[in-house]
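Trainee: Work out the full structure: start from the sequences and follow the hints.
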Amino acid sequence: MKRSIRVEFDELAKRFDLRVIFRGVSGRAEPGEVLVITGPNGSGKSTLVAMLCGLLRPTRGSIRYVDGDDGELSRDEWRSVLGVVAPSMGLYEELDAMENLRFFAKVRGVHDAESLCRDLLGRVGLDPGRKTPVGGYSTGMHQRLKIAQALLHDPPVLFLDEPGSNLDPTGQDWLEGMVLEQRERGTALVLATNDRREMEWGTRHVALSG
Amino acid sequence: MWRFLAEAAAVFVKDLRSEFRTKVALNALGLFAVTTLAAVSYTIGPYRIAEADRPFLLSALLWIVIFFAAMAGLDRSFVKEEDTHTAPLLRLSADPLVVWAGKLVFNLVLLAVLMAILVPLYIVLMGFHVSSPLALFAVLMAGGYTLGVTTTMVAAIIARAMTRGALFSVLSLPLLLPLMIFLIQGTRAAAEGSPDGVTQTLRAVISLGGVMTVVSVILFPVVWHE
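If you're matching them up, the sequences are chains A and B in order.
Each residue of the first sequence is one higher than the last, beginning at 982 in my numbering.
Each residue of the second sequence is one higher than the last, beginning at 27 in my numbering.
Calculated from the structure, these hints are not laboratory results.
Because the structure is a prediction, the values reported are computed rather than measured.
Cβ atoms here follow ideal geometry from the backbone N, Cα and C, with glycine treated the same way.
Don't take every hint at face value.
What the hints assert, rightly or not - Short derived list, chain A residues pointing at chain B, Cβ under 10 Å: (1) D1057; (2) E1074; (3) F1085; (4) R1185.
Mentor: Given below as structure tokens:
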């Protein structure tokens, strides 16, 4: 049974030196819903996603992960309940796809990692038997592998930053199916995008002005 | 505990596999060690030092070669994660102490390989007579651990800095200077066959290693996430 976790953020602001990226941003991602973050280039969508994951600290404001049953999660616990796909996050280029997934499965303490990794690679359209290092993959194949990595531990919170970038039409159709499936299974999704098709998947919206 | 060890082993195996395929750290360490050793053996050689000065000077030169070779490659495990943008995903996937332990073991293995090749070569090329090889082995083991645990922590601190190449040496030097002094004394004592000198060195070096381990366990999660 997947945990029901919602992510709430209130009056978030981020400043790098004197440059204000955004301020006064609030919203929440509920289980079974898709929060879409939109905004022009440079408006801070990826910065907001990094902040919500715990990779960056906000200059002002608060972020809370609330478990439906057990109350608020500590910051150290966020890691175990979230999965992320983002352009700024790289995979190990000198390892092949199975080695990458096996590594992330092991450090996350995932059981039955071998069969799960094979299954996930098959689901995203990659060949588990392929021994090519990831450095030799196309950008679309990279993106598929990143999505598989994010789904490894079946996280109750899923952050997707421009998930459809570099995917071919078949990949984009698969992505839509995956988002809908995750919604139905009660995952709280946060989607940063400017793609009109992806924006339509949203049940809540946060627009950054830039 | 078993889960922690399994996860740290995964980080270590991943780093080892990456290193065998790219050989960046191995090449840096090996090239620096061989170049320094060649320079030292050609310019000083086995016979240009007075017999009485040999234990001390050859001990000092040995640790200088090991120190500079370590400076050339032990920062790679963390710097590479930042350079290739794999660090954010690693931060979100693994427990900080698991990352620290895995990378520490990787650096210790690199250092062990370096010493296993460098020290016998040095002994032969420089005509370094060691009265108590077992004592030298103990000093090398204790010194290698303390050098590894200190440089691993410094590498984590400098990995996200702009001028990290210079910073690694600048930050490491004051932390490693007392260690170097102890290790030179201990190696000299091993060469001269003085058990008391070796024991004193081992006590000091193991204490330093213990302190650095505790400091790393406390500081690393903060450094890794901030």
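Trainee: Taking 10 Å as the limit, does the beta-carbon of D1057/A come near enough to a beta-carbon in chain B?
Mentor: holds, 9 Å
Trainee: Does the CB of E1074/A sit less than 10 Å away from some CB of chain B?
Mentor: holds, 6 Å
Trainee: With 10 Å as the cut and Cβ atoms as the points, is F1085/A at the interface with chain B?
Mentor: holds, 5 Å
Trainee: Was the hint right that R1185/A lines chain B, CB cutoff 10 Å?
Mentor: violated, 23 Å
When held up to the earlier numbered hints, the structure conflicts with hint 4 and nothing else.
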